[in-house]
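Colleague: In order, the protein sequence lines correspond to chains A and B.
Position one of the first sequence corresponds to residue 1 (our numbering), numbered consecutively onward.
Position one of the second sequence corresponds to residue 1 (our numbering), numbered consecutively onward.
In case anyone wonders, no lab produced these hints; they're calculated from the structure.
Note that the Cβ used here is the ideal one computed from N, Cα and C, for glycine as well.
Just so you know, not all the hints are guaranteed correct.
[Claimed, not checked] What the simulated footprint calls covered on chain B by chain A, stretch by stretch (three residues with Cβ under 8 Å from a Cβ of chain A suffice, anywhere in the stretch; the number is not a length):
#	region
1	37 to 48
2	53 to 63
3	72 to 83
[Said to hold, decoys possible] Residues from chain A that face chain B, not an exhaustive set, calculated with beta carbons under 10 Å:
#	residue
4	Pro-36
5	Glu-42
6	Ile-47
7	Glu-48
8	Arg-50
9	Thr-76
10	Gln-82
11	Phe-83
Chain by chain, the residues:
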Amino acid sequence: MKKTLTINLSGMVFNIDEDAYHKLNNYLAELGHHFPESEREEIMNDIEARIAELFNQKLQHRNVVEIRDVEEVIETLGTPNQFADEDAKSGGGESAPRDAAVGQPGRAPRRKFYRDGSNKRLGGVAAGIAAYLDWDVTLVRVLLLLLLVISVGWTFLGYILVWIIAPEATSVSQQLEMQGVEPTIDNIRNFKPKDDPQERHSNNALGTVAKIVLVIFLAFVGISLLSGVLGVFAALCLLLFDMLPGLAFGTWEVILLVSVILFLLIPAIALVMLCVRLFSRDSRIPSWSLWTMFVLFLASIVTMIVSGVNVARKYDYGHWRNWDEERVERYWAQPKPKAIEPDTYQWQDSEGTADTLDFKESATEI
Amino acid sequence: MSTENITSQMRKGILEYCILLIINKKPAYVSDIISELKEAHLIVVEGTLYPLLSRLKNGGLLSYQWQESVQGPPRKYYELTDDGRSFLRELENAWNDIRHTIEKISVDSTIVVAQ
Numbered sequence: 001m002k003k004t005l006t007i008n009l010s011g012m013v014f015n016i017d018e019d020a021y022h023k024l025n026n027y028l029a030e031l032g033h034h035f036p037e038s039e040r041e042e043i044m045n046d047i048e049a050r051i052a053e054l055f056n057q058k059l060q061h062r063n064v065v066e067i068r069d070v071e072e073v074i075e076t077l078g079t080p081n082q083f084a085d086e087d088a089k090s091g092g093g094e095s096a097p098r099d100a101a102v103g104q105p106g107r108a109p110r111r112k113f114y115r116d117g118s119n120k121r122l123g124g125v126a127a128g129i130a131a132y133l134d135w136d137v138t139l140v141r142v143l144l145l146l147l148l149v150i151s152v153g154w155t156f157l158g159y160i161l162v163w164i165i166a167p168e169a170t171s172v173s174q175q176l177e178m179q180g181v182e183p184t185i186d187n188i189r190n191f192k193p194k195d196d197p198q199e200r201h202s203n204n205a206l207g208t209v210a211k212i213v214l215v216i217f218l219a220f221v222g223i224s225l226l227s228g229v230l231g232v233f234a235a236l237c238l239l240l241f242d243m244l245p246g247l248a249f250g251t252w253e254v255i256l257l258v259s260v261i262l263f264l265l266i267p268a269i270a271l272v273m274l275c276v277r278l279f280s281r282d283s284r285i286p287s288w289s290l291w292t293m294f295v296l297f298l299a300s301i302v303t304m305i306v307s308g309v310n311v312a313r314k315y316d317y318g319h320w321r322n323w324d325e326e327r328v329e330r331y332w333a334q335p336k337p338k339a340i341e342p343d344t345y346q347w348q349d350s351e352g353t354a355d356t357l358d359f360k361e362s363a364t365e366i
Numbered sequence: 001m002s003t004e005n006i007t008s009q010m011r012k013g014i015l016e017y018c019i020l021l022i023i024n025k026k027p028a029y030v031s032d033i034i035s036e037l038k039e040a041h042l043i044v045v046e047g048t049l050y051p052l053l054s055r056l057k058n059g060g061l062l063s064y065q066w067q068e069s070v071q072g073p074p075r076k077y078y079e080l081t082d083d084g085r086s087f088l089r090e091l092e093n094a095w096n097d098i099r100h101t102i103e104k105i106s107v108d109s110t111i112v113v114a115q
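Make a model of the complete structure from these sequences and hints.
Modeller: What follows is the structure, given as structure tokens:
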């Protein structure tokens, strides 16, 4: 049982199946776009009248327009790329050769880079590269793996970056752009997606395993980063109250800790964004936010180095417990306990121990 | 290399001329024109004609009349205006010139074009 709609074509009423309606609607829209604004209304009226007439002829023994009726009408009237009426103004677009899906000759295909979701193992990055360069995808994968080994892993980071940044080609017009084909209405209509569910599934078996491993790894990294952030943050709080062992409160110290926090936090945020990207295909990350993150990250590295050097210069970490100096002095200022057996052992083997506790001479002034 | 492109261009070139010739015989509407063209071995889809006829009408070469039809909505029957008729005569001259050129060249050429 099908749902029907009621339409009015040039003053005549028709019952039409829902699927036939959509096909007809799309066809009329396509025609509408083909004609210039000034002539459109009149031409469309004529065409609608003709369609009404054709429907009438077909509905001899039934009263609902079906999809094959629409298809026959389209065949009779023709699609825009079959119209032999173009003038120079409408451009060479409509007089293109039969195979519209391949694209128009003479128009340099400007490809856009998208991750190719229909061909992906992991994130479609390799497939996207293959589409952009028009290479075989397996070749790209092999090269990537080689690169991964040579770069001792850094290529992995690059892969992740592309995965985060580049969007996946989901809509048909995007997939066309990925191949360097103009996304005209004709091309979109003629587009045949590489729909092989079998192949997709077996791809995804390996892909899912890889994805799980990847997620576990990323989760591990993420947790480490976050605990690092927490730890340094706690240290920062202590520092503000001058209770941090090893560092006295001072501007450089604060700057150092803040930059370390940023250094750990920014990758953690990037990981979160990657996970979001993994689970929702269409999420677009505004490029300004990525750029700010990247710039901040670099800045944090520089700041870490600079402030780290400045802090290290202040303290002589050869004997780094100078903070303990006061306490230690007080300890040694205490009256020494009486030896229980003064002759058996002497407390004053403080030669050795005193050396390690004697900061006075070697401590540098803050 | 096929002749497709060139012959297609040739057909497009004479299309308007053919249409005017047909309408000149008697007032016609789109479907009539298509079937006559088809009988004369010039195949175009209906969609080609609508914008073409519209343009000819806007250019003052055609006028139309509505006629009721039992088969559906009223039909536009096109006929030539005076401007249309003089336009047609010019086209006939142009066509004769072209035909003359080809015939002249072919007679002297050693390649015999199959009739």
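Colleague: Next, verify each hint and record whether it holds.
Modeller: Cross-check of the supplied hints:
1. 37 to 48: It holds: at least three residues are needed, and the region 37 to 48 of chain B offers 5 whose Cβ sits within less than 8 Å of chain A.
2. 53 to 63: holds (count 4)
3. 72 to 83: With 5 residues close enough to chain A, the hint holds.
4. Pro-36: 9 Å, holds
5. Glu-42: 5 Å, holds
6. Ile-47: Interface hint status for A/Ile-47: holds (6 Å vs cutoff 10 Å).
7. Glu-48: Hint on A/Glu-48: holds, closest Cβ of chain B at ~8 Å, below 10 Å.
8. Arg-50: 6 Å, holds
9. Thr-76: 6 Å, holds
10. Gln-82: This interface hint holds because 5 Å falls under the 10 Å limit.
11. Phe-83: Given a least distance of 5 Å, the restraint on A/Phe-83 holds.
Every hint from the earlier list agrees with this structure, and none is contradicted.
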